[in-house]
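With our numbering, letter number 33 in the sequence shown gets 33, and the count goes up by one each step, no holes.
Simulated from the structure, these hints should not be mistaken for laboratory data.
Note that this is a predicted model, so its numbers are computed, not measured.
Quick reminder that beta carbons are idealized off the backbone N, C-alpha and C, glycines included.
Certain hints may be false.
[Claimed, not checked] Now the in silico label distances, taken between C-beta atoms and shown as ranges:
id, residue 1, residue 2, range
1, Arg450, Ser271, 14 to 24 Å
2, Gly310, Glu158, 42 to 52 Å
3, Leu449, Ser151, 42 to 52 Å
4, Ser235, Ser271, 10 to 20 Å
5, Thr49, Ile139, 21 to 31 Å
6, His59, Ser235, 26 to 36 Å
7, Leu433, Val329, 49 to 59 Å
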Amino acid sequence: MLIVVLYISNNHPVNAHIESCCRNRGVSDACSHALCRLESPPGDIERYTIFEARTGCAHYLTEIAECLVDGRDSSECCRTTAIQAEENSCLAICRGSSHGVNRWVRYQSCLAINLPSMYTCILRSHSNTPTPPQLLKVISKSSTSAHIQWSAPAKYPELVHIYKVHVTDTLDALHEEVIHSTKLLSINLTNLRPEGKYAIFVVAHSSDLSRKSTPSDILHISTSTINHQDGVSYSSTVQLPYDATKVTLPCRLRMGVGAKMHMVWEKRIGSSHRKVEGNRFKVTTYASEDGTGVLVSALDIRSLERSDFGMYKCHVRGHSNDYGEVHLVAHSHAIGRPPLSPPETPLECCSRAVFRAHCHSVCHVGSDRKRGLKPGNFLPQYRCLDEFQSLLRCTLSEMNSAACCIRKKVPYHCLGMCDSNYELTTLNGYNCLEHESHVRQCQIEAINLRPEAVSDLHIRTEVDTTVLNWEHSDKAEVKEWFH
(Lines of atoms letter the chains of each structure in order from A; the text may use other names.)
(Lines give C-alpha, C1' and ligand atoms only; values in the text may rest on other atoms or scores of the structure.)
Protein backbone atom coordinates (compact mmCIF):
# COMPACT_ATOMS: atom_id res chain seq x y z
CA MET A 1 0.00 0.00 0.00
CA LEU A 2 1.35 3.39 -1.00
CA ILE A 3 0.67 6.33 1.30
CA VAL A 4 1.10 9.78 -0.16
CA VAL A 5 1.40 12.72 2.22
CA LEU A 6 0.76 16.15 0.76
CA TYR A 7 2.15 19.26 2.41
CA ILE A 8 0.21 22.35 1.52
CA SER A 9 2.01 25.64 1.98
CA ASN A 10 0.17 28.56 3.53
CA ASN A 11 2.74 31.01 2.21
CA HIS A 12 0.95 31.87 -1.03
CA PRO A 13 -1.69 34.15 0.56
CA VAL A 14 1.05 35.92 2.52
CA ASN A 15 3.16 36.50 -0.58
CA ALA A 16 0.17 37.66 -2.62
CA HIS A 17 -0.76 40.14 0.12
CA ILE A 18 2.79 41.50 0.40
CA GLU A 19 3.29 41.81 -3.36
CA SER A 20 -0.06 43.58 -3.66
CA CYS A 21 0.95 45.93 -0.82
CA CYS A 22 4.20 46.80 -2.61
CA ARG A 23 2.45 47.55 -5.91
CA ASN A 24 -0.19 49.66 -4.16
CA ARG A 25 2.60 51.68 -2.49
CA GLY A 26 4.08 52.51 -5.91
CA VAL A 27 6.87 49.89 -6.06
CA SER A 28 7.63 48.93 -9.67
CA ASP A 29 6.56 45.53 -11.01
CA ALA A 30 10.16 44.32 -11.33
CA CYS A 31 11.06 45.32 -7.76
CA SER A 32 7.80 43.93 -6.35
CA HIS A 33 8.40 40.58 -8.05
CA ALA A 34 12.01 40.38 -6.87
CA LEU A 35 11.78 41.71 -3.31
CA CYS A 36 8.19 41.37 -2.08
CA ARG A 37 7.94 37.56 -2.05
CA LEU A 38 9.19 36.22 1.26
CA GLU A 39 9.26 32.56 0.22
CA SER A 40 11.59 33.27 -2.72
CA PRO A 41 14.20 35.91 -1.83
CA PRO A 42 16.57 37.10 -4.59
CA GLY A 43 19.43 34.74 -5.43
CA ASP A 44 23.13 35.44 -4.91
CA ILE A 45 23.62 37.37 -8.15
CA GLU A 46 20.21 39.04 -8.15
CA ARG A 47 20.87 40.59 -4.74
CA TYR A 48 23.34 42.84 -6.54
CA THR A 49 21.71 43.26 -9.97
CA ILE A 50 18.28 44.12 -8.55
CA PHE A 51 19.75 47.25 -6.96
CA GLU A 52 21.48 48.55 -10.09
CA ALA A 53 20.56 52.09 -11.09
CA ARG A 54 18.47 50.90 -14.05
CA THR A 55 15.99 49.12 -11.74
CA GLY A 56 15.75 51.83 -9.07
CA CYS A 57 14.73 49.28 -6.41
CA ALA A 58 16.86 50.98 -3.75
CA HIS A 59 14.45 53.94 -3.87
CA TYR A 60 11.56 51.70 -2.76
CA LEU A 61 13.22 50.08 0.26
CA THR A 62 11.09 51.98 2.78
CA GLU A 63 7.83 50.85 1.15
CA ILE A 64 9.16 47.31 0.62
CA ALA A 65 10.26 46.95 4.27
CA GLU A 66 6.90 48.15 5.61
CA CYS A 67 4.98 45.74 3.37
CA LEU A 68 7.26 42.79 4.19
CA VAL A 69 6.81 42.97 7.96
CA ASP A 70 3.11 43.95 7.89
CA GLY A 71 3.19 45.20 11.48
CA ARG A 72 5.58 42.62 12.99
CA ASP A 73 9.05 43.19 14.39
CA SER A 74 11.43 40.26 13.76
CA SER A 75 14.60 42.11 14.77
CA GLU A 76 15.71 39.61 17.41
CA CYS A 77 15.32 36.62 15.09
CA CYS A 78 17.17 38.43 12.29
CA ARG A 79 19.99 39.38 14.64
CA THR A 80 20.49 35.89 16.06
CA THR A 81 20.29 34.10 12.68
CA ALA A 82 22.46 36.55 10.72
CA ILE A 83 25.23 34.78 8.82
CA GLN A 84 27.72 37.46 9.86
CA ALA A 85 26.77 39.41 12.97
CA GLU A 86 29.00 42.36 12.09
CA GLU A 87 27.15 42.83 8.78
CA ASN A 88 24.05 44.34 10.37
CA SER A 89 23.50 47.58 8.44
CA CYS A 90 20.33 46.27 6.78
CA LEU A 91 18.67 44.46 9.70
CA ALA A 92 16.24 47.35 10.28
CA ILE A 93 14.22 45.85 7.41
CA CYS A 94 13.08 43.24 9.95
CA ARG A 95 11.16 45.96 11.81
CA GLY A 96 9.83 47.65 8.67
CA SER A 97 12.48 50.35 8.28
CA SER A 98 15.08 51.23 5.66
CA HIS A 99 17.35 52.79 8.28
CA GLY A 100 21.02 52.50 7.29
CA VAL A 101 20.45 52.74 3.55
CA ASN A 102 22.46 55.99 3.39
CA ARG A 103 25.59 53.85 3.93
CA TRP A 104 24.87 51.95 0.75
CA VAL A 105 28.02 49.86 0.33
CA ARG A 106 27.71 48.35 3.81
CA TYR A 107 23.94 48.09 3.42
CA GLN A 108 24.16 46.10 0.18
CA SER A 109 26.87 43.87 1.65
CA CYS A 110 24.51 43.11 4.54
CA LEU A 111 21.68 42.28 2.11
CA ALA A 112 23.91 40.00 0.05
CA ILE A 113 24.88 37.98 3.13
CA ASN A 114 21.79 38.04 5.35
CA LEU A 115 18.72 38.53 3.15
CA PRO A 116 17.66 34.82 3.02
CA SER A 117 17.77 34.41 6.81
CA MET A 118 15.99 37.76 7.25
CA TYR A 119 13.17 36.70 4.92
CA THR A 120 12.84 33.40 6.80
CA CYS A 121 12.40 35.27 10.10
CA ILE A 122 9.90 37.72 8.64
CA LEU A 123 7.89 34.95 6.95
CA ARG A 124 7.72 33.01 10.22
CA SER A 125 6.47 36.11 12.05
CA HIS A 126 3.39 36.22 9.82
CA SER A 127 2.07 33.11 11.57
CA ASN A 128 3.30 33.53 15.15
CA THR A 129 3.32 37.27 15.92
CA PRO A 130 0.48 39.76 16.53
CA THR A 131 0.18 43.03 14.63
CA PRO A 132 0.16 46.43 16.45
CA PRO A 133 -2.53 47.50 18.92
CA GLN A 134 -5.09 49.82 17.35
CA LEU A 135 -7.05 52.98 18.11
CA LEU A 136 -4.87 54.32 20.91
CA LYS A 137 -6.70 57.16 22.67
CA VAL A 138 -6.96 59.19 25.89
CA ILE A 139 -10.03 58.41 28.00
CA SER A 140 -9.31 61.01 30.68
CA LYS A 141 -6.39 62.99 32.05
CA SER A 142 -5.38 65.37 34.83
CA SER A 143 -2.30 67.47 35.52
CA THR A 144 -0.40 64.38 36.74
CA SER A 145 -2.16 61.36 35.21
CA ALA A 146 -3.72 59.97 32.03
CA HIS A 147 -5.98 57.00 31.34
CA ILE A 148 -5.02 55.43 27.98
CA GLN A 149 -7.03 52.83 26.08
CA TRP A 150 -6.51 50.81 22.87
CA SER A 151 -8.01 47.96 20.86
CA ALA A 152 -6.58 44.50 20.26
CA PRO A 153 -4.42 43.84 17.16
CA ALA A 154 -6.19 43.23 13.86
CA LYS A 155 -4.30 39.96 13.31
CA TYR A 156 -3.54 37.21 15.86
CA PRO A 157 -4.92 39.04 18.92
CA GLU A 158 -5.14 35.63 20.62
CA LEU A 159 -1.32 35.42 20.62
CA VAL A 160 -0.91 38.54 22.76
CA HIS A 161 0.64 37.66 26.12
CA ILE A 162 1.36 41.19 27.32
CA TYR A 163 1.23 44.80 26.15
CA LYS A 164 4.17 47.11 26.79
CA VAL A 165 3.31 50.80 27.01
CA HIS A 166 6.23 53.10 26.12
CA VAL A 167 5.97 56.62 27.60
CA THR A 168 8.53 59.24 26.56
CA ASP A 169 8.86 62.67 28.18
CA THR A 170 9.26 64.88 25.10
CA LEU A 171 9.92 68.06 27.10
CA ASP A 172 12.96 66.48 28.72
CA ALA A 173 16.16 67.09 26.72
CA LEU A 174 17.15 63.44 27.21
CA HIS A 175 13.70 62.17 26.10
CA GLU A 176 13.63 59.72 28.99
CA GLU A 177 11.45 56.65 28.32
CA VAL A 178 9.50 54.59 30.87
CA ILE A 179 7.96 51.23 29.91
CA HIS A 180 4.87 49.82 31.64
CA SER A 181 3.47 46.30 31.17
CA THR A 182 -0.17 45.22 31.28
CA LYS A 183 -2.40 42.38 30.13
CA LEU A 184 -5.37 44.74 29.80
CA LEU A 185 -6.47 47.00 26.94
CA SER A 186 -5.98 50.13 29.03
CA ILE A 187 -3.62 51.62 31.58
CA ASN A 188 -3.69 54.47 34.07
CA LEU A 189 -0.44 56.44 33.88
CA THR A 190 0.38 58.27 37.11
CA ASN A 191 3.17 60.51 38.42
CA LEU A 192 3.28 62.51 35.21
CA ARG A 193 4.76 66.00 35.30
CA PRO A 194 2.32 68.93 35.44
CA GLU A 195 2.57 70.98 32.24
CA GLY A 196 4.39 68.03 30.67
CA LYS A 197 4.28 66.59 27.16
CA TYR A 198 4.48 62.88 26.42
CA ALA A 199 4.64 60.54 23.42
CA ILE A 200 2.99 57.17 24.04
CA PHE A 201 2.86 53.98 21.97
CA VAL A 202 2.00 50.36 22.70
CA VAL A 203 3.68 47.14 21.50
CA ALA A 204 1.98 43.74 21.60
CA HIS A 205 4.19 40.81 22.70
CA SER A 206 3.53 37.08 22.42
CA SER A 207 4.57 34.62 25.16
CA ASP A 208 8.03 34.66 23.57
CA LEU A 209 8.66 38.37 24.19
CA SER A 210 11.01 38.62 21.19
CA ARG A 211 7.99 38.00 18.93
CA LYS A 212 6.40 41.42 19.01
CA SER A 213 4.46 43.88 16.90
CA THR A 214 5.79 47.11 15.52
CA PRO A 215 4.73 50.16 17.61
CA SER A 216 1.14 51.36 17.50
CA ASP A 217 0.37 54.84 16.27
CA ILE A 218 2.03 57.36 18.59
CA LEU A 219 -0.30 59.28 20.89
CA HIS A 220 0.91 62.76 21.93
CA ILE A 221 -0.60 64.17 25.11
CA SER A 222 -0.09 67.21 27.30
CA THR A 223 -0.86 67.42 31.02
CA SER A 224 -1.30 71.17 30.75
CA THR A 225 -4.51 72.50 32.28
CA ILE A 226 -4.69 75.12 29.52
CA ASN A 227 -6.98 74.05 26.70
CA HIS A 228 -4.90 73.76 23.55
CA GLN A 229 -4.60 71.43 20.60
CA ASP A 230 -2.81 68.22 21.53
CA GLY A 231 -0.93 66.78 18.61
CA VAL A 232 -0.42 69.91 16.50
CA SER A 233 3.35 70.19 16.24
CA TYR A 234 3.64 72.32 13.08
CA SER A 235 1.47 75.10 11.72
CA SER A 236 1.81 77.66 8.98
CA THR A 237 -0.29 79.91 6.79
CA VAL A 238 0.20 80.30 3.04
CA GLN A 239 -1.42 83.36 1.46
CA LEU A 240 -2.25 83.54 -2.24
CA PRO A 241 -4.40 85.74 -4.48
CA TYR A 242 -7.63 84.11 -5.63
CA ASP A 243 -6.44 84.01 -9.24
CA ALA A 244 -3.25 82.03 -8.47
CA THR A 245 -2.85 78.91 -10.62
CA LYS A 246 -0.55 76.80 -8.45
CA VAL A 247 0.89 76.51 -4.94
CA THR A 248 3.25 74.34 -2.91
CA LEU A 249 2.52 73.75 0.79
CA PRO A 250 5.33 72.78 3.21
CA CYS A 251 5.28 70.55 6.29
CA ARG A 252 7.92 69.26 8.71
CA LEU A 253 7.47 66.78 11.56
CA ARG A 254 9.59 64.72 13.92
CA MET A 255 9.42 61.09 12.83
CA GLY A 256 9.49 59.63 16.33
CA VAL A 257 9.85 55.99 17.30
CA GLY A 258 8.66 53.48 14.72
CA ALA A 259 7.80 56.20 12.21
CA LYS A 260 7.48 55.45 8.52
CA MET A 261 9.11 57.73 5.95
CA HIS A 262 5.81 58.53 4.28
CA MET A 263 3.78 61.72 4.74
CA VAL A 264 0.01 61.74 4.31
CA TRP A 265 -1.80 64.97 3.33
CA GLU A 266 -5.49 65.50 4.06
CA LYS A 267 -7.91 68.37 3.36
CA ARG A 268 -10.41 69.42 5.98
CA ILE A 269 -13.95 69.04 4.67
CA GLY A 270 -16.44 70.22 7.27
CA SER A 271 -15.62 68.41 10.52
CA SER A 272 -13.68 65.56 8.87
CA HIS A 273 -10.58 65.14 6.72
CA ARG A 274 -10.23 63.62 3.25
CA LYS A 275 -6.97 62.30 1.80
CA VAL A 276 -5.54 64.53 -0.92
CA GLU A 277 -5.14 62.59 -4.16
CA GLY A 278 -5.60 63.06 -7.90
CA ASN A 279 -3.76 64.29 -10.99
CA ARG A 280 -3.47 67.88 -9.74
CA PHE A 281 -1.60 66.90 -6.58
CA LYS A 282 1.95 65.69 -6.05
CA VAL A 283 3.65 64.93 -2.72
CA THR A 284 7.44 65.05 -2.20
CA THR A 285 8.74 63.66 1.10
CA TYR A 286 12.20 62.89 2.48
CA ALA A 287 13.97 62.64 5.83
CA SER A 288 16.79 64.71 7.30
CA GLU A 289 20.15 63.04 6.80
CA ASP A 290 21.83 64.50 9.88
CA GLY A 291 20.27 62.24 12.50
CA THR A 292 17.71 64.82 13.69
CA GLY A 293 14.78 62.56 12.74
CA VAL A 294 12.83 65.21 10.82
CA LEU A 295 10.54 64.37 7.90
CA VAL A 296 9.85 67.22 5.46
CA SER A 297 7.16 67.19 2.80
CA ALA A 298 5.74 69.44 0.10
CA LEU A 299 2.26 69.23 -1.42
CA ASP A 300 2.16 70.56 -4.98
CA ILE A 301 -1.29 71.72 -6.18
CA ARG A 302 -1.69 72.53 -9.89
CA SER A 303 -4.64 74.15 -11.69
CA LEU A 304 -5.68 75.70 -8.39
CA GLU A 305 -9.43 75.87 -7.75
CA ARG A 306 -11.45 77.96 -5.30
CA SER A 307 -12.29 74.81 -3.33
CA ASP A 308 -8.56 74.14 -2.76
CA PHE A 309 -8.34 76.99 -0.24
CA GLY A 310 -8.77 75.94 3.37
CA MET A 311 -7.04 73.86 6.05
CA TYR A 312 -4.68 70.98 5.25
CA LYS A 313 -3.37 68.36 7.67
CA CYS A 314 -0.07 66.50 7.24
CA HIS A 315 1.06 63.53 9.31
CA VAL A 316 3.53 60.67 9.12
CA ARG A 317 1.82 57.47 7.96
CA GLY A 318 0.65 55.57 11.04
CA HIS A 319 1.18 58.56 13.36
CA SER A 320 -1.99 60.58 12.86
CA ASN A 321 -1.96 61.84 16.47
CA ASP A 322 1.07 64.04 15.75
CA TYR A 323 0.39 66.30 12.80
CA GLY A 324 0.90 69.63 11.12
CA GLU A 325 -1.67 72.12 9.87
CA VAL A 326 -1.22 74.37 6.85
CA HIS A 327 -3.85 77.02 6.16
CA LEU A 328 -4.13 78.05 2.50
CA VAL A 329 -5.75 81.48 2.49
CA ALA A 330 -6.98 83.71 -0.33
CA HIS A 331 -5.44 87.10 0.40
CA SER A 332 -5.82 90.60 -0.99
CA HIS A 333 -3.56 93.53 -0.10
CA ALA A 334 -6.45 95.83 -0.95
CA ILE A 335 -8.11 94.72 2.29
CA GLY A 336 -6.71 96.00 5.55
CA ARG A 337 -4.76 99.05 6.64
CA PRO A 338 -1.27 99.76 5.29
CA PRO A 339 1.71 99.72 7.69
CA LEU A 340 2.60 102.97 9.46
CA SER A 341 6.26 102.78 8.42
CA PRO A 342 8.01 101.44 5.34
CA PRO A 343 9.63 98.01 5.67
CA GLU A 344 13.30 97.88 6.63
CA THR A 345 15.80 97.39 3.87
CA PRO A 346 17.82 94.16 4.12
CA LEU A 347 20.88 96.24 5.07
CA GLU A 348 19.04 98.04 7.89
CA CYS A 349 17.58 94.78 9.19
CA CYS A 350 20.91 92.94 9.04
CA SER A 351 22.89 95.76 10.66
CA ARG A 352 20.42 95.75 13.55
CA ALA A 353 20.53 91.95 13.92
CA VAL A 354 24.33 91.47 13.81
CA PHE A 355 25.80 92.41 17.20
CA ARG A 356 29.53 91.85 16.63
CA ALA A 357 31.02 94.90 14.93
CA HIS A 358 33.73 93.00 13.07
CA CYS A 359 31.01 90.88 11.42
CA HIS A 360 29.01 93.76 9.93
CA SER A 361 30.61 92.99 6.57
CA VAL A 362 28.19 90.05 6.48
CA CYS A 363 25.44 92.55 5.69
CA HIS A 364 27.02 94.17 2.64
CA VAL A 365 29.38 91.56 1.21
CA GLY A 366 29.28 91.75 -2.56
CA SER A 367 27.39 95.04 -2.63
CA ASP A 368 30.46 96.96 -3.85
CA ARG A 369 29.95 97.43 -7.58
CA LYS A 370 33.69 97.45 -8.20
CA ARG A 371 33.91 93.88 -7.09
CA GLY A 372 31.81 91.22 -8.80
CA LEU A 373 29.96 88.74 -6.65
CA LYS A 374 30.89 85.28 -7.84
CA PRO A 375 28.82 82.18 -7.01
CA GLY A 376 30.10 80.75 -3.75
CA ASN A 377 31.63 84.04 -2.57
CA PHE A 378 28.52 85.18 -0.74
CA LEU A 379 29.49 83.36 2.48
CA PRO A 380 31.52 85.48 4.93
CA GLN A 381 34.74 84.49 6.63
CA TYR A 382 34.33 81.39 8.77
CA ARG A 383 34.53 83.16 12.15
CA CYS A 384 31.44 85.19 11.23
CA LEU A 385 29.48 82.43 9.53
CA ASP A 386 27.13 82.07 12.49
CA GLU A 387 25.97 85.65 11.78
CA PHE A 388 25.11 84.73 8.19
CA GLN A 389 21.73 83.47 9.41
CA SER A 390 20.89 87.08 10.34
CA LEU A 391 21.43 88.16 6.76
CA LEU A 392 19.37 85.25 5.48
CA ARG A 393 16.46 86.07 7.79
CA CYS A 394 16.46 89.67 6.66
CA THR A 395 16.70 88.92 2.94
CA LEU A 396 14.41 85.89 2.89
CA SER A 397 11.58 87.05 5.14
CA GLU A 398 9.56 88.38 2.18
CA MET A 399 10.32 85.48 -0.17
CA ASN A 400 10.48 82.38 2.00
CA SER A 401 10.48 79.37 -0.29
CA ALA A 402 10.85 76.25 1.87
CA ALA A 403 8.03 74.52 -0.02
CA CYS A 404 9.78 75.00 -3.36
CA CYS A 405 13.14 73.85 -1.96
CA ILE A 406 11.54 70.73 -0.49
CA ARG A 407 9.96 70.05 -3.89
CA LYS A 408 13.48 70.25 -5.36
CA LYS A 409 14.78 67.99 -2.54
CA VAL A 410 17.25 70.48 -1.09
CA PRO A 411 18.60 68.66 2.02
CA TYR A 412 16.90 69.53 5.29
CA HIS A 413 20.07 70.98 6.84
CA CYS A 414 20.29 73.43 3.90
CA LEU A 415 16.71 74.75 4.03
CA GLY A 416 17.99 77.75 6.00
CA MET A 417 19.20 79.07 2.62
CA CYS A 418 15.58 79.04 1.39
CA ASP A 419 13.50 80.16 4.32
CA SER A 420 14.05 82.35 7.38
CA ASN A 421 12.12 79.85 9.53
CA TYR A 422 14.91 77.26 9.18
CA GLU A 423 18.42 77.34 10.61
CA LEU A 424 21.64 77.26 8.60
CA THR A 425 24.30 76.24 11.13
CA THR A 426 27.98 77.11 11.03
CA LEU A 427 28.96 73.60 10.00
CA ASN A 428 26.34 73.31 7.27
CA GLY A 429 26.88 76.60 5.45
CA TYR A 430 29.69 75.63 3.14
CA ASN A 431 28.28 72.12 2.59
CA CYS A 432 25.13 73.60 1.06
CA LEU A 433 26.77 75.53 -1.77
CA GLU A 434 26.17 72.72 -4.26
CA HIS A 435 22.42 73.35 -3.89
CA GLU A 436 22.70 77.09 -4.55
CA SER A 437 21.25 76.85 -8.08
CA HIS A 438 18.06 75.19 -6.79
CA VAL A 439 17.78 77.80 -4.04
CA ARG A 440 18.09 80.62 -6.59
CA GLN A 441 15.45 79.00 -8.83
CA CYS A 442 13.05 78.94 -5.88
CA GLN A 443 13.80 82.55 -5.01
CA ILE A 444 13.08 83.53 -8.62
CA GLU A 445 9.74 81.68 -8.41
CA ALA A 446 8.87 83.71 -5.31
CA ILE A 447 10.00 86.98 -6.88
CA ASN A 448 8.00 86.34 -10.07
CA LEU A 449 4.79 86.30 -8.02
CA ARG A 450 5.46 89.81 -6.75
CA PRO A 451 4.81 93.10 -8.59
CA GLU A 452 7.62 95.10 -10.14
CA ALA A 453 8.74 98.24 -8.34
CA VAL A 454 7.13 101.40 -9.67
CA SER A 455 9.22 103.17 -12.30
CA ASP A 456 9.52 106.60 -13.86
CA LEU A 457 8.46 108.32 -10.64
CA HIS A 458 7.92 112.09 -11.02
CA ILE A 459 7.16 114.59 -8.29
CA ARG A 460 5.49 117.90 -9.04
CA THR A 461 5.06 120.40 -6.22
CA GLU A 462 2.38 123.02 -6.34
CA VAL A 463 1.03 125.34 -3.67
CA ASP A 464 0.18 123.16 -0.64
CA THR A 465 0.09 120.13 -2.94
CA THR A 466 2.50 117.44 -4.08
CA VAL A 467 1.55 115.39 -7.12
CA LEU A 468 3.15 111.99 -7.80
CA ASN A 469 3.16 110.25 -11.17
CA TRP A 470 4.57 106.83 -12.07
CA GLU A 471 4.34 104.09 -14.66
CA HIS A 472 1.92 101.22 -14.19
CA SER A 473 3.40 98.20 -12.38
CA ASP A 474 2.23 94.74 -13.42
CA LYS A 475 0.73 92.53 -10.70
CA ALA A 476 0.36 95.51 -8.36
CA GLU A 477 -2.91 95.34 -6.43
CA VAL A 478 -2.43 98.43 -4.26
CA LYS A 479 0.30 101.04 -3.90
CA GLU A 480 1.55 102.43 -0.58
CA TRP A 481 3.65 105.55 -0.16
CA PHE A 482 5.43 106.94 2.90
CA HIS A 483 6.64 110.46 3.63
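Each hint tested on the structure:
1. Between Arg450 and Ser271 the beta carbon distance is about 36 Å. The supplied range of 14 to 24 Å is therefore violated.
2. For Gly310 and Glu158, the Cβ-Cβ distance of about 44 Å falls inside the hinted range of 42 to 52 Å, so the restraint holds.
3. Judged by the Cβ atoms, the range 42 to 52 Å given for Leu449 and Ser151 holds: they are separated by roughly 48 Å.
4. As the Cβ distance of Ser235 to Ser271 is approximately 19 Å, the hint placing it in 10 to 20 Å holds.
5. Evaluation of the 21 to 31 Å hint for Thr49 and Ile139 yields a failure: the beta carbon distance comes to about 53 Å.
6. Between His59 and Ser235 the CB atoms are about 31 Å apart, so this pair conforms to the stated range of 26 to 36 Å.
7. Between Leu433 and Val329 the C-beta distance comes to about 35 Å, which lies outside the given range of 49 to 59 Å.
Taken one by one, the earlier hints fail for this structure at numbers 1, 5, 7, listed in ascending order.
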